[in-house]
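Chemist: Letter by letter, the chains look like this.
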Amino acid sequence: MRLWHSPAARTGASVAIATGLYGVSFGALGIASGLDFWQTQVLSLLLFSGGSQFAFIGVLAGGGAGGAALGSAALLGIRNAVYGMQLNSLLQPKGWLRPLAAHVTIDESMATATAQSDPAEQKRGFWVAGVGIFLLWNVFTALGSLLGNALGDPKAWGLDGAAVAAFLGLLWPRLKAREPVAIAVACAVVTIVAVPFVPPGVPVLIAAVVAAVWGAIGSGAADEGLEPDVEPHEWHERSEEDRLP
Amino acid sequence: MITWIYVIAAGVVSYLTKFVGYLVPAKLLKSKRMTRIAGTLTIGLLASLTVLNTVSNGQQLVLDSRIGSLVAAFIALLLRAPFLVVVVVGALAAALLRLAGLP
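In the order they appear, the protein sequences are chains H and Y. For the first sequence, the numbering used here gives the first residue as 1, with consecutive numbering after it. For the second sequence, the numbering used here gives the first residue as 1, with consecutive numbering after it.
Hints were generated in silico from the structure; no laboratory data involved. Hints may contain errors.
Said to hold, decoys possible - Under 7 Å between C-beta atoms, here's a sample of chain Y residues computed to sit facing chain H:
(1) Ala47
(2) Phe83
(3) Val85
(4) Ala100
To be verified - In silico negatives: residues of chain H with every beta carbon more than 12 Å from chain Y:
(5) His5
(6) Ser6
(7) Pro7
(8) Asp118
(9) Ala156
(10) Ala186
Even for Gly, the Cβ is constructed at its ideal location relative to N, Cα and C.
Please work from the sequences and hints to get the whole structure.
Modeler: Here it is as structure tokens:
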């Protein structure tokens, strides 16, 4: 089967383009947060997990210390370990493919793989989405960084407002039921209350503790919050429609 | 220099987190609770980062043009705008409000 005749590969490519494009906002915001071009780029190359990358620069932009930035990025990345475990039993990558698969294990590659039912299609979907996003995300991060450098004063261009919108945009697809909305509101309130009393960056970690305790004690759905930013099912349906004469 | 250390450390920690998932036996991590906490953590952290970037300035709470960005992004998301459009709308709102003289 040719790769481009595979529905999973085409879904993966659509998701890769949609996700990769917004690397441009990460690049610009990385520069606005005070990182230089290469620091921003290394986050996209090495850290490579959208939510964690935005968390890292979001804490720095708020005046937080590097340690708090590292801590919130690390906590946001925990869900990738859960994905890794599921993908390992689903795709069973062998040899050198395994460490490579780990690197491109993110919300979107996981969602594209699990949206398929045929094992061969799951593999195609995972690799096309994962590698595709990695390449595009890094290219667009570089473009965004150059743009950020060219813009000058980030506030005059509203880049701090763009960060607010980016975080709300990342949160949005995860607010599909009453419980996640309640968690979000509780953590938002805890953050506001904590800001005047603790060093910058720490309120995010306090909110993380609240969210984790909520998850451990509460008894809601097990997959709450594990939605991708770009829904592969929707893309799949759209690409099906595109094929109609 | 110290920033570089944190950037690289964050990258290494992120990679190891992903790789651990591929190494441990599925049943060890495949508890409903572990999956659930990973999910609620994600929601809580993103909500916290949203408000932090809206109203904080170091240890101070401030109300400025960024509130406009939050409202504009919210409306854009209600209208099902794609992510990149939402981000641009957020930037435009803050930039225009500042142009109008708000802090």
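Chemist: For a quick check of understanding: which of the numbered hints are violated here, in increasing order?
Modeler: Hints 3, 4, 9 and 10 are the ones this structure does not satisfy, whereas the remaining hints hold.
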